[in-house]
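A.B. asks: Here our numbering is used: position 249 in the sequence shown is 392, and no number is missing along the way.
Check the hints yourself; a few may be wrong.
Unchecked claim - Under the rule of at most 25 Å between Cα atoms (straight-line distance), these lysine-lysine pairs were calculated in the BS3-like manner: (1) Lys177 / Lys320; (2) Lys235 / Lys210; (3) Lys210 / Lys249.
What the hints assert, rightly or not - Beta-carbon label-pair distances, calculated as ranges: (4) Glu157 / Gly458: 16 to 26 Å; (5) Ala217 / Arg262: 55 to 65 Å; (6) Gly213 / Asp182: 28 to 38 Å; (7) Ile244 / Lys320: 21 to 31 Å; (8) Arg260 / Asn492: 18 to 28 Å; (9) Gly229 / Arg277: 29 to 39 Å.
Think of the hints as simulated: they come from the structure by calculation, not from any bench.
All C-beta atoms, glycine included, are put in the ideal place defined by N, C-alpha and C.
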Amino acid sequence: MDHDTIRAELMYLESLGSRISGSKSHDQLAEHVKQQWADFGMRVHEDVLRFDRWSMAAENPDGLRLKIDGRDIAISSVFPYSGTTGPLGTEKQLYRLRGPIPRWTKARGGIAVVEVRNREFPFDAAVKTWDRARAWGKTTMPLLPATFAGLGLARARRAGVEAVIFAWRGISISNAKGQYLPFTLPYQNIPAVFVAGDDADLVLDAASRAMRATLVVDAVIERDSTMRTIWAAVEGNSAAHETVLVVSHSDGTNIVEENGHVGLVELARQTVARPLARTAVFVLTAGHLRIPAVTDHGQATSRWLRDHPQWWAGGPGNRHAVAGLVIEHLGAREYRDDPLKNTYGPTGNPEPELL
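Throw the hints in and build the complete structure from the sequences for me.
C.D. replies: Structure (structure tokens):
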């Protein structure tokens with residue numbers, strides 16, 4: 144694959160911007176890949192997935208806003224699929240809740256403020272390395288504390304809390320800004336946002352003094368929205384009953400997450416030109432950023448596996464998968480976060496990859 148082709152695909156992703164599940168840009172990428180496969184002579188199948196889509200109201204430029212004592216507070220990010228206040232927002236007293244398991248009832252009828260700590264942890268405790276002499280070392284992963292914090296939202300709603308503000312600790316302002324976290328939880332029906340840096344300090348202090356705040360999360364729910372998984376098979380020439388699954392996903396937030404379609408298209412092109420002994424099945428799944436809408440367990444590809452056992456499960460009438468290849472995050476460069484210096488930027492090194 145030549146450099147110009149790769150660059151053109153990355154520029155196309157840049158032009159699309161964020162491709163949140165079910166968005167117009169998400170569908171455009173699926174169509175882009177579908178047309179390339181069709182041009183190769185592949186028969187492309189579509190699985191249309193229906194779900195209730197949460198998104199910020201595009202027509203309201205002030206749809207995400209926090210104000211305390213007449214002062215605008217910078218919101219780092221909104222909690223996806225948390226909830227909505229409507230365009231007018233909610234004006235309530237702030238309640239600071241402490242500890243890993245907040246007593247949500249203390250904030251009944253108000254806005255709860257909870258610290259979220261992005262702590263370092265030894266990554267090799269979670270993921271081993273092939274070479275023990277080259278351990279991962281310590282790292283942070285905002286997805287984990289954001290998800291753990293989000294698990295409390297259902298209890299907050301049941302306790303009568305109107306909204307939740309999560310105050311980041313252990314993360315720079317630049318790294319916190321625009322995060323799309325977490326993305327593995329069902330709809331919470333309670334609006335929630337993240338703040339960081341000095342604004343997190345201000346919100347925590349205001350909550351300690353029982354001040355009032357106005358929070359606007361003007362999100363809308365689009366019922367019966369759709370997104371599509373596309374897939375195609377190239378028959379093997381001698382062991383067609385055995386399959387190799389080649390997978391990536393189409394929804395993502397930036398050029399790295401996700402650019403796996405670049406490899407998926409190129410491998411499809413090569414396989415059509417020179418078929419393998421085994422059948423190759425290429426799958427561009429939808430729902431990576433909305434996993435609860437497509438499956439009760441696993442990843443978004445779990446839905447395709449459930450719907451199409453004939454291509455992988457083995458047994459009478461089914462083909463048997465003998466290998467799988469997942470293509471993600473091609474060419475990722477390492478970024479380093481330094482919360483103490485409040486800096487976030489590239490190191491010039493390749494990003495260590497998990498296999």
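A.B. asks: Each hint needs a verdict: does it hold in this structure or not?
C.D. replies: So, going through the hints one by one against the coordinates:
| no. | hint | verdict |
| --- | --- | --- |
| 1 | Lys177 / Lys320 | violated, 33 Å |
| 2 | Lys235 / Lys210 | holds, 11 Å |
| 3 | Lys210 / Lys249 | holds, 22 Å |
| 4 | Glu157 / Gly458: 16 to 26 Å | violated, 44 Å |
| 5 | Ala217 / Arg262: 55 to 65 Å | violated, 23 Å |
| 6 | Gly213 / Asp182: 28 to 38 Å | violated, 58 Å |
| 7 | Ile244 / Lys320: 21 to 31 Å | holds, 28 Å |
| 8 | Arg260 / Asn492: 18 to 28 Å | holds, 26 Å |
| 9 | Gly229 / Arg277: 29 to 39 Å | violated, 52 Å |
Hint check: violations occur at hints 1, 4, 5, 6, 9; the rest are consistent with the structure.
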